Amino acid sequence: MRFPNHSWQTWIVLPFAGLLAFLFASMNGVPSAPPPYGTLSGGVAIALVLISTLAANYTSNRLLEAVFLFAGAHGAAFFLLAGIKGHEGTAGPAYYLLLASAWLLAWRCVTILSGRRATARPMSIALRLIIPAIFGAWILIIWEAVTRGAGIPFILLPPPSAIGARIANSLPILGSDVRQTIFKAVLIGYVVGNLAGFVVAILADRVPFLRRGLLPIGNMVSALPIIGVAPIMVMWFGFDWPSKAAVVIIMTFFPMLVNTVAGLAASGHMERDLMRTYASGYWPTLLKLRLPAAMPFIFNALKINSTLALIGAIVAEFFGTPVVGMGFRISTEVGRMNIDMVWAEIAVAALAGSVFYGVVALIERAVTFWHPSVRGG
Amino acid sequence: MTGNSPAVVSASKLDLTFQTNDGPVRALSNVDLTIGKGEFVSFIGPSGCGKTTLLRVIADLEKPTSGTISVNGMTPEQAREKRAYGYVFQAAALFPWRTIERNVALPLEIIGLSQAEQAERIKRTMELVNLSGFEKKYPWQLSGGMQQRASIARALAFDADLLLMDEPFGALDEIVRDHLNEQLLDLWGRTNKTICFVTHSIPEAVYLSTRIVVMSPRPGRVTDIIESTLPSKRPLDIRETPEFLAIAARVRDGLRAGHSYDD
Amino acid sequence: MDSFRSKIFPVTAILAGVVVLWYVFAVILNAPFQRDLDSRANETPGVVEFVGKTLAQPKPTLPAPHQVAVNFFENTFLRSVTSNRSLVYNAWVTLSSTLLGFAFGTALGIVIAVGIVHVATLDRSLMPWIIASQTIPILAVAPMIIVVLAAVGITGLIPKALISTYLSFFPVAVGMVKGLRSPELMHLDLMHTYNASRSQTFWKLRVPASVPFLFTSMKVAVAASLVGAIVGELPTGAVAGIGAKLLAGAYYSQTVDIWSALVAGSIVAALLVMVVGIAGRLVDRAMGGRPA
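Protein chains in written order, with this note's numbering: chain A, 0 to 376; chain B, 34 to 296; chain C, 23 to 314.
There's no promise every hint is true.
Claimed, not checked - Below 27 Å or equal to it, Euclidean Cα-Cα: the simulated DSS-like pairs (lysine-lysine) are: (1) C/Lys241 x B/Lys169; (2) C/Lys241 x C/Lys226; (3) B/Lys156 x B/Lys70; (4) A/Lys302 x C/Lys226; (5) C/Lys226 x B/Lys115; (6) C/Lys29 x B/Lys170; (7) C/Lys200 x A/Lys302; (8) C/Lys241 x B/Lys96; (9) C/Lys241 x B/Lys156; (10) B/Lys170 x B/Lys156.
These are computed hints drawn from the structure, not numbers from a lab.
Given the structure is predicted, the values throughout are model-derived calculations rather than measurements.
Hey, can you work out the whole structure from these sequences and the hints?
Now the structure itself:
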């Protein structure tokens with residue numbers, strides 16, 4: 000038997016599948032043995048693994064091979080998860096073998112896709128999205144399959160499906176938390192903190208003495224655990240969002256200050272000499288040369304700060320809030336052992352963080368289109 | 034002169050096409066070339082004429098699309114695996130975390146020579162490029178010309194008969210370059226190595242070479258091969274002799290014939 | 023002399039300005055409460071006496087610098103280091119989990135970076151997630167990790183160190199991927215002409231080239247690691263550590279305690295970053311770096 004497209008993954012899958020079929024058959028043949036999972040769906044899953052492995056090995060078209068592997072791996076995973084329903088915590092070796100084989104197929108699929116060098120632009124973008132998407136999907140699949148197959152206690156690690164259900168069922172609560180934490184504390188603190196940092200940076204730029212003093216201090220402060228001012232801010236500004244916004248302002252101020260000062264120094268000597276030959280004053284030079292040149296640095300600070308602002312607001316809420324807010328929800332639901340709600344809140348925070356960062360990054364691309372890092376990719 | 038000595042490099046009908054975002058680019062087109070042992074061959078032409086690409090094909094850093102090429106009677110890949118050549122890049126490309134002597138030792142470490150043998154080779158090659166006494170210095174402590182000499186020493190460390198040099202003095206000022214040209218000729222005379230030398234300087238090519246390969250772009254091809262009639266002993270002021278100027282004029286004509294300056 | 027004029031003098035001047043401002047704000051912020059106290063006691067102190075009193079309240083809104091300094095000094099040098107009120111003890115509790123987590127996180131980050139650089143599949147599938155996860159407020163999971171691990175009987179050093187590991191591995195992984203990919207094309211071509219093996223290229227070129235990147239990202243990682251350990255102490259019910267001191271101070275409105283805990287945390291952070299920085303400079307010097 001010769002495989003045109005042999006790879007180590009498929010060499011493991013085949014004996015796995017044989018062993019699997021044996022285990023499956025023998026377990027269902029013994030009446031006293033607990034059902035590993037639904038007979039029908041288990042059988043279908045095994046069949047899918049086998050068929051897609053063989054089909055993929057006899058295809059000469061690499062893309063078709065990837066499609067076979069993709070369908071086999073995910074189809075098998077689907078039937079595997081469907082079959083475990085109602086039998087949580089009873090999974091036997093056959094279950095994990097099947098999961099492992101399906102995962103190997105998915106890996107093989109990703110390996111094939113990674114090896115492709117797409118020449119057409121839409122194709123390369125699609126590949127750039129599909130490959131990490133398969134990887135992410137498999138983290139969720141394995142998480143789901145293992146938590147349910149092994150019957151891991153709900154409070155330890157709930158399966159993703161339960162977290163998803165929790166998100167769907169608690170949209171109003173999650174919505175009000177997002178409004179409290181992100182639209183009040185984070186955004187207001189972010190805007191004020193960045194503006195303050197920017198203004199002080201311009202000031203420091205005008206007064207060299209200030210710059211020489213502030214820059215080392217700013218650099219050092221960025222390494223300090225500033226988040227520790229949260230209890231003080233809560234005492235000063237009360238439980239509601241202003242205290243969180245204050246924490247965010249302090250956390251975002253210094254990165255903006257340091258980066259803007261560095262950015263204002265980034266324009267080249269030759270360009271600055273050119274502006275001097277035009278007898279251009281401080282402000283025209285700032286607006287026409289130095290600020291545009293500083294934009295990559297300023298956006299770097301804006302991106303760092305988008306994550307810092309979320310962290311600041313959420314952690315500050317651990318120190319005291321009204322009964323709404325993401326940090327509040329996380330700390331109280333952890334106390335009540337409603338771990339699925341905590342995960343739901345974390346998922347929302349992750350989504351919010353990525354969207355926030357993504358928006359800043361998009362604006363950056365539009366503003367600093369001339370910069371090599373944007374042009375190149 | 035070249036007819037009876039065995040060919041070090043021999044290429045025929047060499048073609049190389051790069052796939053780029055703007056469509057295919059023919060970097061080399063139908064290149065035929067034979068280089069004999071002990072020759073000093075310069076490749077000259079405007080940028081984009083494929084002179085560096087040709088050198089990289091010889092070094093197995095690029096694969097030709099079609100045609101055949103052999104280096105010391107082997108494929109370039111076999112030649113590279115046998116360490117048949119030393120390569121000098123446009124920049125010195127020394128590792129900044131190694132002293133000069135450790136930089137020269139790098140290829141020797143990779144082929145796994147003993148410490149004693151490494152020390153002996155380092156001493157010999159450092160003498161060849163007149164860098165004795167600078168063994169313990171780090172690259173940033175040396176001038177640009179000395180750094181490039183160290184990189185030549187590194188390329189000589191294998192003791193390969195073939196030296197491939199890709200615009201090695203292009204980034205240096207003319208005074209340093211004259212000096213290094215003189216030293217390189219001297220080195221070539223003493224070691225009897227075969228040297229392939231890419232340059233875009235006409236005086237440099239004429240001063241150094243026994244043969245000058247003139248190339249032109251779009252597609253990259255060989256337009257002329259000029260045998261030098263200069264004696265093997267060449268003081269710097271040979272560049273004012275009529276003989277030298279005549280060869281330089283031929284090279285310039287060859288470049289113009291490749292209508293390479295029409296844009 | 024030159025660095026004095028260009029750096030030390032402006033820095034000291036600005037720090038002195040901060041202290042002066044701090045005193046001014048301490049008087050302003052503490053004045054209402056003091057006025058309240060005085061009017062209740064039917065006292066009408068003079069200006070100097072009033073200001074003196076605002077700077078000596080036991081639970082001030084903003085403690086004066088000297089109050090923080092005295093509290094810090096007492097809790098650092100005058101207490102036995104085994105007392106749970108000692109800042110040295112609390113700082114050590116936080117520091118130990120920081121260091122453990124930092125060590126694990128750095129090791130994990132390096133391993134993942136090596137995997138990403140050498141396995142194309144990992145590069146294309148894992149790397150986007152690592153970059154994306156930098157935009158996520160990971161610190162939010164800290165309470166859950168602590169409580170969930172406590173539920174299965176794991177308490178003390180390990181859960182906090184786990185959070186520090188988590189926070190420190192991201193910057194190291196990203197920095198090392200950058201570092202291992204930093205060799206120029208010319209250096210890689212050079213190794214190719216030597217017919218060097220993958221492991222030779224790795225050890226002789228990629229690893230030395232990545233060292234500066236490693237130390238830069240380790241500075242970020244060690245600071246993140248400390249923040250992780252401090253936040254990790256919050257949900258444990260304030261047993262010990264700098265985070266616990268902060269929480270206890272907030273709970274009992276012991277503002278001076280909060281501030282001196284903050285000072286302690288800042289000193290630990292500055293020391294950690296400095297140690298990593300010095301280690302980086304020593305390694306750089308040993309590798310022939312040009313003195314700055």
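Against the structure, the hints:
1. C/Lys241 x B/Lys169: violated, 31 Å
2. C/Lys241 x C/Lys226: holds, 24 Å
3. B/Lys156 x B/Lys70: holds, 26 Å
4. A/Lys302 x C/Lys226: Answer violated: A/Lys302 to C/Lys226 is near 35 Å, above 27 Å.
5. C/Lys226 x B/Lys115: holds, 20 Å
6. C/Lys29 x B/Lys170: violated, 32 Å
7. C/Lys200 x A/Lys302: Judged against 27 Å, a Cα distance of about 19 Å means the pair holds.
8. C/Lys241 x B/Lys96: violated, 43 Å
9. C/Lys241 x B/Lys156: Roughly 41 Å between the alpha carbons, so the hint for C/Lys241 and B/Lys156 is violated.
10. B/Lys170 x B/Lys156: holds, 15 Å
Hints 1, 4, 6, 8, 9 from the earlier list are contradicted by this structure; the remaining hints agree with it.
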